[in-house]
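Between the sequences and the hints, there should be enough to build the whole structure, so can you do that?
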Amino acid sequence: MHTFLSIKRFALALGLVSAVMHLSHAQSHWPQWRGPVSNGIALEGHPPTTWSEEENIRWKKPIPGKGHASPVLWGKRLFLLTAVAEPAADNSGDSGVGNPPESQAERPGRRPGQGRGGRGGR
32 MHTFLSIKRF ALALGLVSAV MHLSHAQSHW PQWRGPVSNG IALEGHPPTT
82 WSEEENIRWK KPIPGKGHAS PVLWGKRLFL LTAVAEPAAD NSGDSGVGNP
132 PESQAERPGR RPGQGRGGRG GR
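Quick note: the sequence shown uses the working numbering, first residue 32, plus one each step.
Treat the hints with caution; some may be incorrect.
[Claimed, not checked] Listed below are the simulated EDC-like cross-link pairs for lysine to aspartate or glutamate, each with C-alpha atoms no more than 20 Å apart in a straight line: (1) K107 / E75; (2) K97 / E75; (3) K92 / E117.
Just so you know, these hints were derived from the structure itself, not from any lab.
In structure tokens, the structure reads:
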């Protein structure tokens with residue numbers, strides 16, 4: 032009986048440590064709608080309460096296509112999802128910020144919907 036309680040306590044402690052480690056790591060990422068824990072709160076940040084064309088804007092870049100997907104922030108990379116009728120033109124700038132390494136349209140040998148569980152139109 033004593034061994035069973037020890038195993039239960041160990042499992043509980045391991046679960047708590049895992050949860051705390053996951054939350055502390057996830058705070059530097061914004062991988063889904065409403066943030067790391069889906070509550071819309073950025074624990075590490077101090078977001079501005081006001082902004083305009085001149086105030087609290089660090090950089091701007093035109094985004095090709097149309098879309099309303101939630102942006103994903105992962106470390107120092109920002110991912111956006113848009114729908115474009117043709118492959119995007121090279122928008123290289125001198126800052127290096129916002130230049131996509133590749134778009135899905137540039138990946139050779141893939142059919143639409145293929146990968147990550149998609150059936151590729153089969």
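Hints, verified against the model:
no. : hint       : in the structure
1   : K107 / E75 : holds (14 Å)
2   : K97 / E75  : violated (30 Å)
3   : K92 / E117 : holds (19 Å)
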